[in-house]
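With chain V's structure known, arrange chain D on it following the hints.
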Amino acid sequence: MFSLIENEVTKMIAKKRLMFVLIILVILISVFAYGQNRTLARTKAQLTQRMGITATVDWRKLAEQQLIDMKGRLDSPYMDAKSQSSLTVRMQQLQYDLNNNINPLDQSAAKFTATFMEQSIFLFLPLLVVILAADMVSGESSSGTIKLLLVRNVPRWKILLSKYLALIILEVVVVFCAFLLSALISGFFFGFGGWMAPVATGFKVLAGKLDASGVFNVQEWQFSLMVYSLAFFVAVVVGSISFMISVLVKSTAASIGIILATLIAGNFISFFLSDWTLTHYLFMVNLRLTDYLSGAVQPVDGMNMLFSVTVLFVWALVATFVSFLYFTKKDILV
Amino acid sequence: MLKKTIWYSVFTIAIAGIVVLAGGFYQALKVTTENSPFRPAKVAMTQTSGSPAKSELKNTNTLQLLILGDSIAKGTGDEKGKGFSADLPQAIKTDTSKDILVTDAGINGLESQGLLGQLQNGRLNKPVAGANFILLSIGGNDLRTILSLNPQAQEDEFKIKEDSYLSNLKQALRILRSSNPNAYIVFLGLYNPYEKTTTAEEVSLWQEWNYNTELLIESDHKAIYIPSDDLMKFNLGKYLAPDGLHPNSAGYLALSDRIRKSLESVIAGT
Numbered sequence: 001m002f003s004l005i006e007n008e009v010t011k012m013i014a015k016k017r018l019m020f021v022l023i024i025l026v027i028l029i030s031v032f033a034y035g036q037n038r039t040l041a042r043t044k045a046q047l048t049q050r051m052g053i054t055a056t057v058d059w060r061k062l063a064e065q066q067l068i069d070m071k072g073r074l075d076s077p078y079m080d081a082k083s084q085s086s087l088t089v090r091m092q093q094l095q096y097d098l099n100n101n102i103n104p105l106d107q108s109a110a111k112f113t114a115t116f117m118e119q120s121i122f123l124f125l126p127l128l129v130v131i132l133a134a135d136m137v138s139g140e141s142s143s144g145t146i147k148l149l150l151v152r153n154v155p156r157w158k159i160l161l162s163k164y165l166a167l168i169i170l171e172v173v174v175v176f177c178a179f180l181l182s183a184l185i186s187g188f189f190f191g192f193g194g195w196m197a198p199v200a201t202g203f204k205v206l207a208g209k210l211d212a213s214g215v216f217n218v219q220e221w222q223f224s225l226m227v228y229s230l231a232f233f234v235a236v237v238v239g240s241i242s243f244m245i246s247v248l249v250k251s252t253a254a255s256i257g258i259i260l261a262t263l264i265a266g267n268f269i270s271f272f273l274s275d276w277t278l279t280h281y282l283f284m285v286n287l288r289l290t291d292y293l294s295g296a297v298q299p300v301d302g303m304n305m306l307f308s309v310t311v312l313f314v315w316a317l318v319a320t321f322v323s324f325l326y327f328t329k330k331d332i333l334v
Numbered sequence: 001m002l003k004k005t006i007w008y009s010v011f012t013i014a015i016a017g018i019v020v021l022a023g024g025f026y027q028a029l030k031v032t033t034e035n036s037p038f039r040p041a042k043v044a045m046t047q048t049s050g051s052p053a054k055s056e057l058k059n060t061n062t063l064q065l066l067i068l069g070d071s072i073a074k075g076t077g078d079e080k081g082k083g084f085s086a087d088l089p090q091a092i093k094t095d096t097s098k099d100i101l102v103t104d105a106g107i108n109g110l111e112s113q114g115l116l117g118q119l120q121n122g123r124l125n126k127p128v129a130g131a132n133f134i135l136l137s138i139g140g141n142d143l144r145t146i147l148s149l150n151p152q153a154q155e156d157e158f159k160i161k162e163d164s165y166l167s168n169l170k171q172a173l174r175i176l177r178s179s180n181p182n183a184y185i186v187f188l189g190l191y192n193p194y195e196k197t198t199t200a201e202e203v204s205l206w207q208e209w210n211y212n213t214e215l216l217i218e219s220d221h222k223a224i225y226i227p228s229d230d231l232m233k234f235n236l237g238k239y240l241a242p243d244g245l246h247p248n249s250a251g252y253l254a255l256s257d258r259i260r261k262s263l264e265s266v267i268a269g270t
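Residue numbers (the UniProt record's numbering), protein chains in the order written: chain V, 1 to 334; chain D, 1 to 270.
Hint data in this document are derived by calculation from the structure and do not stem from the laboratory. Since the structure is predicted, the reported quantities are computational estimates derived from the model, not experimental observations. Treat each hint with caution, since some may be false.
As the list claims (entries may be wrong) - For lysine-lysine, the following DSS-like pairs were computed, each having C-alpha atoms within a straight-line distance of at most 30 Å:
1) V:Lys-61 <-> D:Lys-80
2) D:Lys-30 <-> V:Lys-209
3) V:Lys-11 <-> D:Lys-3
4) V:Lys-15 <-> D:Lys-4
5) V:Lys-44 <-> D:Lys-238
6) V:Lys-61 <-> D:Lys-238
7) D:Lys-4 <-> V:Lys-158
8) D:Lys-93 <-> D:Lys-4
9) D:Lys-4 <-> V:Lys-71
10) V:Lys-16 <-> D:Lys-3
11) D:Lys-222 <-> D:Lys-98
Chain V on its own, in the form it takes in the complex (with noise of 0.2 Å):
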């Protein structure tokens, strides 16, 4: 089996799979880099017309003054129990950015790492799961090679399953360097630091609607190794169903294009999830986990994070099965 999977993964560095992905990686990460530098120094700039050149350099004088506000209404008798811990951790953030002399308004590589995968968490990764998944059988179909891969002494199972791995070594190589060169990149750019500067999360969907009660604050760090194992498993199931796509399509181009539109049919059907309960079920829809991290989601009455990751965990486990009873049960014709 070992060797089996080290043919496939060789295979895919060989057809330069990985390093089109990899490519492809760096050339978007450096253009979102540079856009989000351009955006500061605009908001910056725009300040500053506004409030006098004070206001950017002086915003130590603000966050004091926002602590003291905060303070003020973390006293009052009139304060509602449920904004106490959105307080108390916005608090939190301000007196670390005070302590450790980083205006608010600054972008930094932690940010933007974790920042970077939540935005390319439902399109742009997957995309470059698909480059990568979508020919691993269909491409052996179209150029041949089946016929090369079926005639070993070994079960079909097996042939299926090592591709199947391959794919997944590939895909934690992906999203590590999809880590790897956010951080290093965004580095040159904002500074490499930002590690351990407090980041807000813990809030829940209920009843659809944002529940922000227990609120509190973990490190950059540890916020963007949730965001990025989220990614992992977005990229398997991603994974899993164009591997699906490839076993039952002949071709490598039908089954990249089937794969792209039902994920671009997502961001339309999303517009109908509070109506049309069905859609809730669709794994396009399901893929944003990380909004349910950082709490940008858009709460919707029955989704949360463990239905999203169940509805998105049956899909891979049906896609699998599906894939492996077609392959071993199907007669190849070459």
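Chain D in isolation, oriented as in the chain V frame:
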């Protein structure tokens, strides 16, 4: 040999990665589902001077001041943290020997709808009933949403917002009066903190808002509308907090003094 090394390094990264990422995944699930393991330390809810219970003392030797409204009522922007709840009693003291009890129910970001809700849910019934003076600052947050729109949309949105704001304010005043027919109500008018970037059209909308508020307030004989925009217009640098929106310490002092001056005879006479 190169292929072998590449393969081994890829494999090692993969195994290590899967372990790490599995851990992270479990963490992510935990964080978003179970009740947070971290309970923010219950901040001691200290009572501000002038807690509702104290208003039971219908002492003729105390004046009771109730402050209602948005962040300006709350004192946001004041370096000392208190705003009107400290500065206004301080100013009033010069005209009377009585003690002054303050209840500050201001809430940051409050809009006229929220103020109405606050009065309707009953938690403020005691402070309202016992107040001699009620300071009201509301409407800023209602109006600010209009400013981010483009000029064409502004006019229509403004009419809608203004109508609902005035209706809310009217109802709020009615509730205040039905509970306390004798208190003096002081309404603090809106000033324009964006002096440098406001267009002429926006300025006229602003003025209309204040004017209609003034009409409504002045229809009550024991209420007074006190403008703040004339005081702030040229003095933004001196009176505005670093956030560019709220008054700072000096600003609150100046406004408190103005309110005191308008109420001079009334305070001395109580």
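Hint check:
1. V:Lys-61 <-> D:Lys-80: This hinted pair holds, its Cα atoms lying about 13 Å apart.
2. D:Lys-30 <-> V:Lys-209: holds, 19 Å
3. V:Lys-11 <-> D:Lys-3: holds, 10 Å
4. V:Lys-15 <-> D:Lys-4: Distance ~16 Å between Lys-15 (chain V) and Lys-4 (chain D) Cα, so the pair holds.
5. V:Lys-44 <-> D:Lys-238: holds, 23 Å
6. V:Lys-61 <-> D:Lys-238: Measuring from Cα to Cα gives roughly 15 Å; hence the hint holds.
7. D:Lys-4 <-> V:Lys-158: holds, 22 Å
8. D:Lys-93 <-> D:Lys-4: violated, 87 Å
9. D:Lys-4 <-> V:Lys-71: Violated: Lys-4 (chain D) and Lys-71 (chain V) sit about 60 Å apart, past 30 Å.
10. V:Lys-16 <-> D:Lys-3: Holds - the C-alpha atoms of Lys-3 (chain D) and Lys-16 (chain V) are around 13 Å apart, at most 30 Å.
11. D:Lys-222 <-> D:Lys-98: Roughly 21 Å between the alpha carbons, so the hint for Lys-222 (chain D) and Lys-98 (chain D) holds.
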